[in-house]
Amino acid sequence: MSNMFTESAQKYNLHTKWNDTRKEAYFYDKLSDQKVMCRLCPRRCTIVEGGVGFCKVRKNIGGTLYAQSYGKATHVAIERIETEALFHYKPGSKILSLGNFGCNLDCDYCQNWMYSQFQYTSPDKIVEYTSEQVINMALANNIEILSWTYNDPAVWMEFVLDTAKEAKKRGLKNLFKSAFFLSKEVVEELCKVIDIFAISIKAMDEEYYKKFTKGWLQPVLDNAKLVHSKGIHYEISNLVVNGLTNNNDDYDKMINFILNELSPEIPIHFTRFHPDYKYMQYEKTPIEDVMSARSRAMERGLKHAYIGNAFEGEGLNTYCPECKELLIERYGLCTYLKPSLGKDGKCLKCGYQTSIKEISDADEQIIL
Amino acid sequence: MKKFKYCWNEDTFLLHIQLNNSDGADYEVVIYREYEGGKVKKQKLLIDGKTDSYRTMISRTHPRERGLNIEYPEKVTLQVFIIDDRAYYPTETYFAG
Numbered sequence: 001m002s003n004m005f006t007e008s009a010q011k012y013n014l015h016t017k018w019n020d021t022r023k024e025a026y027f028y029d030k031l032s033d034q035k036v037m038c039r040l041c042p043r044r045c046t047i048v049e050g051g052v053g054f055c056k057v058r059k060n061i062g063g064t065l066y067a068q069s070y071g072k073a074t075h076v077a078i079e080r081i082e083t084e085a086l087f088h089y090k091p092g093s094k095i096l097s098l099g100n101f102g103c104n105l106d107c108d109y110c111q112n113w114m115y116s117q118f119q120y121t122s123p124d125k126i127v128e129y130t131s132e133q134v135i136n137m138a139l140a141n142n143i144e145i146l147s148w149t150y151n152d153p154a155v156w157m158e159f160v161l162d163t164a165k166e167a168k169k170r171g172l173k174n175l176f177k178s179a180f181f182l183s184k185e186v187v188e189e190l191c192k193v194i195d196i197f198a199i200s201i202k203a204m205d206e207e208y209y210k211k212f213t214k215g216w217l218q219p220v221l222d223n224a225k226l227v228h229s230k231g232i233h234y235e236i237s238n239l240v241v242n243g244l245t246n247n248n249d250d251y252d253k254m255i256n257f258i259l260n261e262l263s264p265e266i267p268i269h270f271t272r273f274h275p276d277y278k279y280m281q282y283e284k285t286p287i288e289d290v291m292s293a294r295s296r297a298m299e300r301g302l303k304h305a306y307i308g309n310a311f312e313g314e315g316l317n318t319y320c321p322e323c324k325e326l327l328i329e330r331y332g333l334c335t336y337l338k339p340s341l342g343k344d345g346k347c348l349k350c351g352y353q354t355s356i357k358e359i360s361d362a363d364e365q366i367i368l
Numbered sequence: 369m370k371k372f373k374y375c376w377n378e379d380t381f382l383l384h385i386q387l388n389n390s391d392g393a394d395y396e397v398v399i400y401r402e403y404e405g406g407k408v409k410k411q412k413l414l415i416d417g418k419t420d421s422y423r424t425m426i427s428r429t430h431p432r433e434r435g436l437n438i439e440y441p442e443k444v445t446l447q448v449f450i451i452d453d454r455a456y457y458p459t460e461t462y463f464a465g
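Residue numbers (the numbering used here), protein chains in the order written: chain A, 1 to 368; chain B, 369 to 465.
I should point out that these hints are in silico values taken from the structure, not numbers from a laboratory.
Treat the hints with care, since some could be wrong.
[Unchecked claim] Each computed EDC-like pair below joins lysine to aspartate or glutamate, with the alpha-carbon atoms no more than 20 angstroms apart:
#, chain 1, residue 1, chain 2, residue 2
1, B, K409, A, D361
2, A, K278, B, D452
3, A, K278, B, E460
The task is simple: from the sequences and hints, build the whole structure.
The structure is reproduced here in C-alpha cells:
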C-alpha cells in the first residue's frame, strides 16, 4: 500500500512542541553557549538550545540533550523472525516487533515515512511503554525475542539499550534491524546487548547514499565489519530498487563486499521494493530481478542468498550449499523445517555444517 | 460470534490483524484456513484479557491455501491491515468491525 508524499501532507511538528526532559540522551558532548554535539551517528549534529538534530527526536533543552522518543512506541506487533530478513536464527520463531519515530536518514522510497519523518507523525499513534511493560508483553505471549525495527531503531538508542539490558536478565534475546548509519562507539555498545543483527545496506555507492538516503555509505560498511568481528549472528538485506539498483553492477558490488570483507557464509537477502513516499515513478521490482541477483550471488560463491517480499519460490528456501538438499521450505513468512536439517544446523544428508542456529520446533507448522 | 473472510490473491499474502477489547476478560479467536479441495485447518489465538490491544501478523501458509475466516467474540473489535512489504507497518485499515 503506497503512501505517496504530497506537499499538503499533514505536519504535526511534535518536535517543536515537546520538551520532554525525562531521559537525558547518551552519546553527546556539551559545548559552549549551551550547544550540544550529538555523537549517535556520523552526522554529529551540533544542536543549539531549543533545537533538534536531523532525526528530530534528540532535543537540546537548556544545554542538555534529551531523548524525546524514550519509552514511546508507535508500532507493536507479534510477527515471525523471517519478517526481519533473518532466515538462519531460530527459524519460524515469534518475535515482538517494536517501532518508534524519527530517523537519521531520509530515504526517498521509505514506506514508513509518516513515522520516520517525525514532523508527519500524529500524536494519537504514539503510546508510552516502560522497559518492564515491553518485557512483560513478550513473556506473556511466550515470545523470546524483542525485535527493534520498522523505522530505524538507531534513533531510539537509549530505550533500546536500557530495555535490551533488562530483557537479557529475564532470558530474552534482542534483535536490531537497522540501516546501521551509526557511530562506532554506539555499535560497540549495541554489541554488548544485541544477539541478532539485521543489517540493511541500501547500495554500494556513496553518491547513491547521499542522493537517495541523505546519509553516507562508509560508516555502514565499517559497522558491518565491526559486527562481523564480534561473532554475533547477522544477516544482510539489500532493497533492490527498480530503476536504481536492479542491475548486475550493483549486485556485484554487494556480492564482492560480502565475499572480500565479510564471509561467503553470511546470508544476503535481495528484497523487492515497492513505490512509496517520494519515489513513485517505478513499479514494484520484478521478481525476476531479485532472482537474478540471487543466482549471481550463488554462482559467485555466496552460500546463502534469498529474495524478499515474495510468496513462494526457490529464492525463499534454504538448501544445503554442499549437496543442495532442501533444508527449510518457506511460503510467505511461514517456515517448514525439513527432516534433512539437524537440530545442530547440519545437513543430515551430507553432514555439511550450515550457519543456521537455535533450531527448535517451529510453532504451528501446517503439514499438508 | 463475528466473522471476517478474506481470499488471498496474487499480490497479498500477509495481513496484520489487531484485536481490541477492554473488559479485561480472556477471549479466544479462531482462524480457519481454507485449502483447495475443501480441507480446513483451525488455529486458535488465546488473548490475555489484560491486553487491550493485540496485533499480530498472519501469513498465507501454502499455495493451496485459498483464504481464511476469522471468528471472534461480539465484544471484540477486529481491524485488518493489508501488508505488501514485510517491513511495513500499515495504519490504514482494510476492514474494521
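message: Tell me the hint numbers this structure goes against, listed in increasing order.
response: Going through the list in order, the structure violates no hint and respects every one.
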